[in-house]
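Undergrad: Sequence:
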Amino acid sequence: METLLDSSYTTVDEKPVIQLFYNRQKIKNVEGVEPYFYATSSNPEELKKEIEEQHISSILKIETIEKTIIRKKTPLVKITLQHPRNVPENRDKIRNLQNCEDIYEADIRFAQRYLIDSEILPMEGADKAGLVVASFDIETYATEGKIDTKSPILMISYADSTGMEKVISYKKSDKEFVETVKDEKEMLEAFVELVKKQKVDIIVGYNTDNFDFPYIQDRAKELKVKLDIGADGSELRLERRGIDMGARVTGRPHIDLYPVCRRLFKLPRYTLEDVYESIFGKQKLDIDTDKISVYWDGEKKEELDLLFQYSMEDAKGGLKIANEVLPLVYQLSSLIGQPPFEVSRMGTGTSVEWLLMKKAHENNVLVPNKPRDSEARERATHSFQGAYVLEPKKGIHEDIIVYDFRSLYPSIIMAHNIDSSTLNCDCCKKEDAHVAPTGAYFCKNKTGFIPEILGNILKARLETKKKLKEERSKSKPDEKKANILDARQQALKVLLNSAYGYLAFSRARWYSKDCATAVTAYGREYIKKTIKAAEKAGMKVIAGDTDSVFLTLPNGGKEKTINLGKEFAKKINAELPETMELEFEGYYVRGVFVTKKRYAMIGEDQKLTIKGLETRRRDWSNIAKTTQQKVLELVLWENNPRKAADYVREVIEKIKEGKILKKELAVYSQLTKNPSEYQSKAPHVEAVKKAMQEGKSFSSGDVFQYIITKKGEMISDKARLTEFVAEGDYDPDYYINNQVFPAVSRILGALGYSEDELKGLGKQMTLGSF
DNA sequence: TACCAGAGGAG
DNA sequence: AAATCCTCTGGTA
Numbered sequence: 019m020e021t022l023l024d025s026s027y028t029t030v031d032e033k034p035v036i037q038l039f040y041n042r043q044k045i046k047n048v049e050g051v052e053p054y055f056y057a058t059s060s061n062p063e064e065l066k067k068e069i070e071e072q073h074i075s076s077i078l079k080i081e082t083i084e085k086t087i088i089r090k091k092t093p094l095v096k097i098t099l100q101h102p103r104n105v106p107e108n109r110d111k112i113r114n115l116q117n118c119e120d121i122y123e124a125d126i127r128f129a130q131r132y133l134i135d136s137e138i139l140p141m142e143g144a145d146k147a148g149l150v151v152a153s154f155d156i157e158t159y160a161t162e163g164k165i166d167t168k169s170p171i172l173m174i175s176y177a178d179s180t181g182m183e184k185v186i187s188y189k190k191s192d193k194e195f196v197e198t199v200k201d202e203k204e205m206l207e208a209f210v211e212l213v214k215k216q217k218v219d220i221i222v223g224y225n226t227d228n229f230d231f232p233y234i235q236d237r238a239k240e241l242k243v244k245l246d247i248g249a250d251g252s253e254l255r256l257e258r259r260g261i262d263m264g265a266r267v268t269g270r271p272h273i274d275l276y277p278v279c280r281r282l283f284k285l286p287r288y289t290l291e292d293v294y295e296s297i298f299g300k301q302k303l304d305i306d307t308d309k310i311s312v313y314w315d316g317e318k319k320e321e322l323d324l325l326f327q328y329s330m331e332d333a334k335g336g337l338k339i340a341n342e343v344l345p346l347v348y349q350l351s352s353l354i355g356q357p358p359f360e361v362s363r364m365g366t367g368t369s370v371e372w373l374l375m376k377k378a379h380e381n382n383v384l385v386p387n388k389p390r391d392s393e394a395r396e397r398a399t400h401s402f403q404g405a406y407v408l409e410p411k412k413g414i415h416e417d418i419i420v421y422d423f424r425s426l427y428p429s430i431i432m433a434h435n436i437d438s439s440t441l442n443c444d445c446c447k448k449e450d451a452h453v454a455p456t457g458a459y460f461c462k463n464k465t466g467f468i469p470e471i472l473g474n475i476l477k478a479r480l481e482t483k484k485k486l487k488e489e490r491s492k493s494k495p496d497e498k499k500a501n502i503l504d505a506r507q508q509a510l511k512v513l514l515n516s517a518y519g520y521l522a523f524s525r526a527r528w529y530s531k532d533c534a535t536a537v538t539a540y541g542r543e544y545i546k547k548t549i550k551a552a553e554k555a556g557m558k559v560i561a562g563d564t565d566s567v568f569l570t571l572p573n574g575g576k577e578k579t580i581n582l583g584k585e586f587a588k589k590i591n592a593e594l595p596e597t598m599e600l601e602f603e604g605y606y607v608r609g610v611f612v613t614k615k616r617y618a619m620i621g622e623d624q625k626l627t628i629k630g631l632e633t634r635r636r637d638w639s640n641i642a643k644t645t646q647q648k649v650l651e652l653v654l655w656e657n658n659p660r661k662a663a664d665y666v667r668e669v670i671e672k673i674k675e676g677k678i679l680k681k682e683l684a685v686y687s688q689l690t691k692n693p694s695e696y697q698s699k700a701p702h703v704e705a706v707k708k709a710m711q712e713g714k715s716f717s718s719g720d721v722f723q724y725i726i727t728k729k730g731e732m733i734s735d736k737a738r739l740t741e742f743v744a745e746g747d748y749d750p751d752y753y754i755n756n757q758v759f760p761a762v763s764r765i766l767g768a769l770g771y772s773e774d775e776l777k778g779l780g781k782q783m784t785l786g787s788f
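Heads up, the numbering used here is the position in the first sequence plus 18, with the first residue counted as 1.
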């Protein structure tokens, strides 16, 4: 089975030749593909003449054609050129002609444009292609803790889907997976050879765009090693992609798993170890990076072996993560119609945009231009109203049922045909159309561009889910097939859920404030109506946020509440448009509601659902988080606040004794700007600044931990990065009064305990009232 | 006490 | 280079 991995183009005899890269490094050349763009005009024939009069030799063809612009078939001029490099000059020249209004589709890269036009889907059938996926990782030497490509690479680890696993280095080991070569240069050469010999189709790593590949490239340059690992023998290329780099290996797609994981998982941090643990539920071997150089220099065989082992585990860990996430990347790739190199680095907005551009081609719709920078900035300065959040009924509640509108925003877009092309159409009278609460109205005669696409995606997803269910219910399910179906339905879900954000995205080609505001206004209307209806039915609404509603039935008890609840959902659904549905999400025994977006509930299975509370935040210490969690368990399951208070008292005692370990005290934070740019004094910034005085460097985006120590006046003065703090050096007062106390009093306070009673807890008095 | 900047979460 | 709504902290005046 053959699958398309990548596309590119070269020039032969002054003509572009599209190169299609398939698995096992097979290359197909496509000749005769010509680049083109469009020009709009109030008088296309005149514009055509005007262009012809310029006698531009690089222009092959000038024709008037028709495309749909906002539902209307509109004539425009198509200009076909000899070579992609002729596009920029001619685009500018023609834009300045008298009869030209604007230029369209001149900014779509040739090789990517070809994929849209040819309707060839990358990665289609990838699961049957037997792709060789290889993961690699490097360890480097650091002089005085500084990472600098003047220092050598010490080892390169490699693991691929054929089972080949090795670490290439120039020090010896008894470990069977270590291959020892003469020096760093030979190591790099051996790596290049290995990739070729193994016929690697997809090359993966973790943070390899911004670390491993740039480092390898620098060292290879220094040591005069040719990194010709491209399927066509081309060398590794580093591209600027916004603020980040992208390491491109032609025809042998390099996929950096870091941006993929960032997009796929919602985690507090994204180190390889964090991601590994969150997927597999167990820890990966990790060593302190400062130790790498020490172990390398040291005489101890065990330490060097540990380093080899660690490096091997990193490559193997990368491969394991790849096995989990690549199926989704492949599915997104074939849905969007773009190669995995691009797709794996795209944000949600860009993914949706490529999908729309592909559909625009299929429907002969003209692709709108990207907004200019000034326009995008202007759009971004005006924010608009979003979702509705109901003020919760604070305190403890029992027998709670929860509803969710299934895919609220996409279902609204479909139900009310929300699209730029249907907005305030002239074929419907307003009163006959879908009138949004904003006053905008949408056509009822013809389905809009985006609603139609979403409808097809939804249909495809339901079919895929059905097939998945069928497969899994077989007596001998085909696990591989099921996993692919699951990846496909997930990819469809990602696209479905990104549609609203795209409409409101300031740099979107299909940006529409009118559509975006209509969507959220409908959303607010639906949830408010549901709340009112629930109240009318005798239910008590205790919380609600965007698309979810939390209800109890006063004096109802479990059975009665669930029965009435299900009946209520039925009634609501009967009145909802076809694509919309209020789903019964679940029943909970007990729950405590603190503020908007902050609550905890416990199910019949004793499973806690905690949202927004400190337990869920990385910028709180473990000691505060675990104590809060324990209090929640005791309060929600055992219904025993007194026991909770006892527990808190024990924790406070331990803190006072100075027995708490660093890892229980550390607080995570992230710099959202460079340290010098902060205008206010804050603990996390002060901790970083102190570390910088000790030679560490920090910049925007860095994630780190700090502890509040004993030394200093203000909290900021006491804050120091964890690595500079000795065990036992912490401020017990801070951890009692500013960490554990607020976290637990949030819960106990919501149960009705008074300020004084809670303060007593902090001061560790005996709590008679508990 | 009121306010601000900043961080991080929910949906 | 997807959006808005929201709570909470520490520092300052």
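No wet-lab data here; the hints were simulated from the structure. Keep in mind that a hint or two might mislead.
Dumping the calculated DSSO-like pairs for lysine-lysine here, alpha-carbon to alpha-carbon at most 30 Å [unchecked claim]:
#: 1; residue 1: 691; residue 2: 674
#: 2; residue 1: 588; residue 2: 614
#: 3; residue 1: 677; residue 2: 318
#: 4; residue 1: 90; residue 2: 184
#: 5; residue 1: 215; residue 2: 203
#: 6; residue 1: 714; residue 2: 648
#: 7; residue 1: 554; residue 2: 531
#: 8; residue 1: 193; residue 2: 338
#: 9; residue 1: 714; residue 2: 691
#: 10; residue 1: 334; residue 2: 691
#: 11; residue 1: 484; residue 2: 90
Computed from a predicted model, the values in this text were never measured in an experiment.
Undergrad: Which numbered hints turn out to be false for this structure?
TA: 1, 3, 4, 6, 7, 10, 11
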